[in-house]
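Here is what each chain is made of, one letter per residue.
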Amino acid sequence: MPNTPDIDKFLSTPLRPVDNNGFAERVAAQIAWRERGMMAIELVALFALAAVVALFVPLAGLLGPITTVAVELGLSLPFAVACAALVLSQSVVRLVSD
Amino acid sequence: MAGDMFVDLAAAGDRAAFEALVRQHQSLLRGFLRRLTRGDHALADDLAQETFFEAWRKIGQFRGEGPFRGWLTRIAWRRYLMAARRRKLEPLDTGEEPAAPPSTSDLRLDLEKAMALLTLPQRAALTICFALDYTHEEAADILGMPLGTLKSHVARGRENMRKLLDGS
Chain A
1 MPNTPDIDKF
11 LSTPLRPVDN
21 NGFAERVAAQ
31 IAWRERGMMA
41 IELVALFALA
51 AVVALFVPLA
61 GLLGPITTVA
71 VELGLSLPFA
81 VACAALVLSQ
91 SVVRLVSD
Chain B
1 MAGDMFVDLA
11 AAGDRAAFEA
21 LVRQHQSLLR
31 GFLRRLTRGD
41 HALADDLAQE
51 TFFEAWRKIG
61 QFRGEGPFRG
71 WLTRIAWRRY
81 LMAARRRKLE
91 PLDTGEEPAA
101 PPSTSDLRLD
111 LEKAMALLTL
121 PQRAALTICF
131 ALDYTHEEAA
141 DILGMPLGTL
151 KSHVARGREN
161 MRKLLDGS
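One line per chain: the protein sequences are A and B, in this order. Sequential numbering of the first sequence, starting at 1, is according to my numbering. Sequential numbering of the second sequence, starting at 1, is according to my numbering.
Be careful, since some hints might not be right.
From the structure, some residues in chain A lie toward chain B, with a derived Cβ separation under 8 Å [what the hints assert, rightly or not]:
1. Phe10
2. Ser12
3. Thr13
4. Arg16
5. Pro17
6. Val18
7. Asn20
8. Phe23
9. Val27
10. Gln30
11. Ile31
12. Leu73
13. Leu77
14. Ala80
Hints listed in this document are in silico derivations from the structure and should not be mistaken for laboratory results. Ideal Cβ placement from N, Cα and C applies to all residues, glycine included.
Using the sequences and the hints, build the whole thing.
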């Protein structure tokens, strides 16, 4: 008992060990639960935003230009070459990493 | 080292690896928080859970410049400060001694009881430097205080502990 000056040794006594008793599992469950909650909130926010946008965007007016761009891209040779190059480079990267 | 591997895996989103880290560090962290909360196990465990949740969200920011347990301890300390401020648990930054010196008769054999009578900075500084075995520099970094201030808390805390435990 430190009625001696050896107080440093006494203070250096390690903290009492605390048994896990399911603590780590509770933390993991809590993390999973909170992440699901956050994901749900994000989804709801996304749908709400989409609904607001849909209310104000003149979808009928945009349909024509979108169709035109999609068709022109589909028929474009440079675009097809760019897509092929992308696919090819990705395949090579995967092959090299394997 | 296995701990480092778990940190890398957890940073990549592996929840099982993070659970392994929790299992590895929970005793130290909960022990530290129990000391800070003066033995309030329920509050300490709530804060430990919050600490690990924050660690999970921010583990990508851990740069490995110091030990992982030091990074966790720093989060736990900040969590305790926030809780203490919100719940008005105790004065946070006072350098003053406890207002009414307690009777020392029942403290002689109990480190925890004596420790609970110290001010918060002294309690934290002594625990981190002695029980958790950090250097003064590391402790100052964890507690977010200048090195000189940390050393002063350690010196005054040690002196107060001596008085309490000797009954002088």
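Non-conforming hints, listed in increasing numerical order: Hints 12, 13, 14 contradicted; others consistent.
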